[in-house]
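J.: So the chains spell out like this:
There are 2 protein chains.
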Amino acid sequence: MKRILIVGGVAGGATCAARIRRLCEQCEIIIYEMGSYVSFANCGLPYFIGDVIVEEDKLLVATPELFKNRFNIQVCTDSQVTAIDRENKTIVVHNLKSGKSRVEPYDALVLSTGAEAKKPQIEGIDLPAIYALRTIPDSRKIRAALHDIKHAVVMGAGYLGLELAENLIKRDVNVTLIQSSDQIMPTLDREMASFIEKHVTQHGMVCQTNAQVKKFTQNTDQSLTLHLQDGETLHADAVMISIGVKPRIALAQQAGLEIGELGGVRVSDTMQTSDQHIWAVGDMVEVRNYITGHWQLFPLAGPANRQGRLAAAHIVDHESAGASTHMTYRGVQGTSVCGLFDMTVAATGVTEKQLQAADYQHYEKVYLHPGNHVGYYPGAKPIHIKLIYDSRDGRVLGAQALGESGVARRIDVISAYIQMSATVYDLEEAELCYAPQFGATKDPVNLAGMLAANQLRDNHPLARWEELMESHVQVVESEQQEDAEQLLSLILDDPYSQAQIVDVRTVAEYENHHIPHAINVPLDELRNRLHELSREREVWVVCGVGQRAYNATRILQQHGFQVKNLSGGMKTYQAFME
Amino acid sequence: MKRILIVGGVAGGATCAARIRRLCEQCEIIIYEMGSYVSFANCGLPYFIGDVIVEEDKLLVATPELFKNRFNIQVCTDSQVTAIDRENKTIVVHNLKSGKSRVEPYDALVLSTGAEAKKPQIEGIDLPAIYALRTIPDSRKIRAALHDIKHAVVMGAGYLGLELAENLIKRDVNVTLIQSSDQIMPTLDREMASFIEKHVTQHGMVCQTNAQVKKFTQNTDQSLTLHLQDGETLHADAVMISIGVKPRIALAQQAGLEIGELGGVRVSDTMQTSDQHIWAVGDMVEVRNYITGHWQLFPLAGPANRQGRLAAAHIVDHESAGASTHMTYRGVQGTSVCGLFDMTVAATGVTEKQLQAADYQHYEKVYLHPGNHVGYYPGAKPIHIKLIYDSRDGRVLGAQALGESGVARRIDVISAYIQMSATVYDLEEAELCYAPQFGATKDPVNLAGMLAANQLRDNHPLARWEELMESHVQVVESEQQEDAEQLLSLILDDPYSQAQIVDVRTVAEYENHHIPHAINVPLDELRNRLHELSREREVWVVCGVGQRAYNATRILQQHGFQVKNLSGGMKTYQAFME
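Chains as they are written, first to last, in my numbering: chain A, 1 to 578; chain B, 1 to 578.
Here chain A stands alone, though its shape is the one from the complex:
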C-alpha cells in the first residue's frame, strides 16, 4: 500500500487525486488544502461577481464529503504544508485553525500549490478598497462591497481583468481598465487586440493603455486616487488588481527542488520534479511551449487538469500496468478563449510577438474576415482571423480569432491541427460541417489555409502592413502630429520607399474611406485599366477584406506586375490604424 500526499486541492491536485484512486484502489490518498475549499471553480469567480452565477454553492465542484464517500480520499482543508523533508520522505502540516503542526510520511508527494495574484509594489497598495480575485472569500468581499462602488478601476487588461471589468459593468459599475503596456489583452498580437478594445469601448468600458500607477491615496470619502506616472490621476471607489499571477513555490524552494528561470518548478514530461518521489502540476510549474520548445508559464485550468491526470498515471504505473501508456506531457499549445459582451476572443499556438521574441524568422501570416456562415442565410457575423504558419513547409504555428459567433469552433479546429503538426495544405482540405446556418462550403478554416497555401505556391504574394505602419507610427511619435493619415500619405508619396497602393473596391466604397494616396481601380475594371498602374514599383492591392484584392493580385501577377496583396484589406488596415 502506497501513501500519496497531495498539497493543494484545486484543479490539478484534485484531478490527480481522483485519477490515482481510479488507478489504485489500495493507495492511501490525502489532500492538504491551505484554503477552506477544495476543487472550486475559480474560472467562474468573475461571473459570480457579475451575478451570472448566482449561487455560491455552484462554484464548489466537489466537496471534502464527496472525496471521502466517492473516492475514499481524505481532504484536510485549512491545512498548510510548511516543509518537506525529502530524505525522510515526510512533510510538516500546519493546521491553520488549531495552530498545531504534525509530520506526515509519504511514498509519493504531489505539489499543486498553484499561483498567487501578483501584487504590485506601489505605495498605498494595502488600502482597504483595493481587491484581488483568486478565491471564493475574495469574491464574497467584492460582492459585499459592490453596492458602494460606482466607479472601479481594473488594473491589468489580461483575460481576468477583462472578464472582471465586463462583469462589473453588468453590475452597473463604471469601469476604467488600465494596462501598463501598450495594448489590452497582451497575449494577443496588438492589431488583433485592437478589435477587442473597440468592442469593449462600445460597451462602456474605458480602456487606458500605457498607464503606470505610481501610488494610491485614500480620499476622505474612502474613495481612492490613482496617481499615474505621467501625472494624470484617476478616481475610483475600488481598484481590482489583475496584473497576473506567479507560481507559488515557497515550499518547493524550501525543499530544494529545481526551479526554472521563470520562477516555476521544473518538471519532466511525466510531471516529475528533480526529486523522483515528488511530482508537481498546475500553475506552479513551468511548461514547454509545444511550438517554440521554450519554457513558459501558462496558468490555465485545462493544462493543470491534464497534468494532474498524467502525473497520477505515472505515480501508480508500477502497480497498474499500462496506466501511463501514451501519457507524457507534450507541452502547452497556448489555446485560450474569453467571452466579452457577446464577442468571443480565442487563440491557439503562438503569436507573432512570441515568434519574434523567440527569434523565429521563418513565418508568414494571413488575415481574413469571413462570415461565420454563408451570407445568404440571415444573421451572418464576421470572424476576424490571423493565421501564422511556417513559411518553409507551411506548418501551422498559431491563430487568433474574434467575432460574435463560431470563433471557439474555428480556433479549436486549428488547435487540433497544430497538435497534429498539420500544414496549411491540410487546412485547405479540411472537411468541416457545412449547412447554410453553420458555415460555408469554404469554411473560414479552409479559407485561411487556402490564402496561406496560395502564398506558399507563389500565387498570392503578400505585402506587410508593418512596412506602412512602422514608419508611420515612428513619424507620428517623433513629430507628435495628430493627423496620422496625412503623415502616412507623405510616406506613401515617396515612390522609392513605398509601393503604389491600388484599391480595387467600388468607387463608393473607396470614396467612403481609403488609404491615403491609394488609387481606385474597381476589380471589375482592372483588366481594361492596367495601363494606369505603375510597372516601376510594387503594386500593393487592397479591398474590403482581401478577397477581391486576391483576384486582382492574380490578374496583375500574370500581366507581369510586381504585385502584393495587403492581406485582410481595409478591415485589417483599420485594426492596425487603431
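No lab work stands behind these hints: they were computed from the structure. Everything numeric in this text was worked out from a predicted model, so none of it was measured.
Since the list gives no way to pick one copy over another, a pair counts as held whenever it fits inside one copy or between any two copies.
Listed next, the in silico DSS-like pairs over lysine-lysine satisfying Cα-Cα at most 30 angstroms (straight line):
1) Lys170 <-> Lys381
2) Lys119 <-> Lys58
3) Lys58 <-> Lys381
4) Lys214 <-> Lys246
5) Lys214 <-> Lys118
6) Lys68 <-> Lys571
7) Lys381 <-> Lys68
We have chain A already, so just place chain B on it with the hints.
T.: Frame of chain A; chain B shown alone:
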C-alpha cells in the same frame, strides 16, 4: 491559349471555372449550364421554402454578369451539352431556348453535371401535388402552392427531407415524414437517430418509419391519398419527394467514360476521368471514403467545391508551375451537419453501420452525454456523442453528435483529427478553448478520448448494449408482446446468458426508472456493499451518463470482479430502447 469548357455551373463547376481563371489569365473559359441560373445556393432552398431566407435574389451566389466582369468567364445558361466527341475534342451544345445546337472545341473539358432527385417508380408519381426540391424554379412552385397545403407528407427522412419538413412546419403545415427503412436520418447509426426522432416529434413532426408507398391516388378535392404496402393510407394536400439523388451521368456514359458500380463517374485523385482531357467533379462522381477506402457517393457541396478547385489546378498546372502542389484529392471523410428546431446533428468519419457493411471488425465505441460547457455556468446543454475508433491502435474512425449547442464545434475538431490520422490518445491531449461559458477543463472531445483510451488501456472494459438489445428485440418481434421491458427482464433473469446489471445511481434516480432486474447500489456505498454482487457472472454497471459507472467499474475491477461499463448510461439505454 487553352480553351476550357465546363459543363454545369453550380458548386463544383463554378468554383473550378473561377480557380482556372485565377491560375490562368490567358485561358478561354466557358460554362454551359442547362438551367437558368449558375452558382445558386441549393443548400438554401429548404430555408427559402420556410421563409427564413426571404428574398430569392439572395440564393444567387454569382450571376453570369459577375463571371463575365470579374473573371472574364463566359456563361451560357439554358445550354445543355448533349454529346462529347472525345476523338475530335468537341462537344455539342443545345440551346434550350432557341432549339439550336452547335459544336464547340475544347482543350480541356470539365464535367460538373451534378445529381438529380431520385424519382420512385410508383403509380401516380406524376400527379400534380407531388413535388421535388432541387432548383430555384422547384422552390418557387412549392412556395406558390403553400397557401393551399394544410398537410404535407415528406417522403424520405435524410438531411433534405428533415430540413424540408422542419421548414414546412415553420410555415404552419402539418407534416408527416415517412421513411421506407427503419430509422430517420439513415446516414447515422440508429440509436443516435432516435434522439432526432424524439426531438422532431416534440416539435410536431409525425415520423413514420418502415413506410413503403405502393401508389398515390388523387381525391376529388385535389388532395392525395398514399397507399402504403401494409394497407394503411395517408392523406395529404401535397407530397414532397426527398428520397435522395443519383449522379447525372448520361453525358459521361454517352462519351464512354468509366462509370463506377455506384453509378457515378470514376475519377483519379486529380479528378481526371478515364479520358486524360476530361475532368469530373461534384455530385456526379464517385469518391473514395478516406477511412474505408471504398468508393461511395457523397453529394455534398463542400467536397464538390474542393474537387472543382483542385481539378482547376491540375488542368492549368503545366502553365503555372506549382499550382497543384499538395493538391490531390484525399477522398471524403463524411462530415455533415443539419439543424433541426434548435438541435444540431452532425457527424464525421464512418458510422458503425458503414464499418459493419465494410466488414471492418476491429473497432470499439463509447457513448457520452457531457454538457456543452461546465454545469456551474448557466444554460449548459447536453451533447450526445458516439465515438468510434480502431480497437487495435486507437485511431479515430468516426463520431456522431447531437445537441442544442457546441455540436458542430466538436464534430469539426474530431474531423480534423480524423484527417490527420489521430488516435484517441491525441483526443485525450487536445488543448481546446476553455472558459466557463465555452467548455470545460475536460472538453467533450477530451472526455471522448479519455473514455476510449481508458478502454484501450484495459482500465475501462465496455459492455455492448446490443447484447441486451438484440435478443430483446428478437423476442419482442417474435412474440409480438407489448411490454418490451418485461421481456427484457425475463432475458436478464437468466444468469447464464446475461450479466448482473448494477445501477450505481442514487435510490431516487433508480426508483424513477431503471433497467429491468438491475440491482441498485449507489456508487458512494459500493465499497461497503461488494458482498452483494455476483462473482459468478459479469457485472455490468450503469448510471445516468456513464461517469459514475466508470468509477464503479474501476473499483470493482480492482476488487477482482469481471466488470464492464454500459457506456453512456441510462441516456444511451433510452436511445436504444426507442
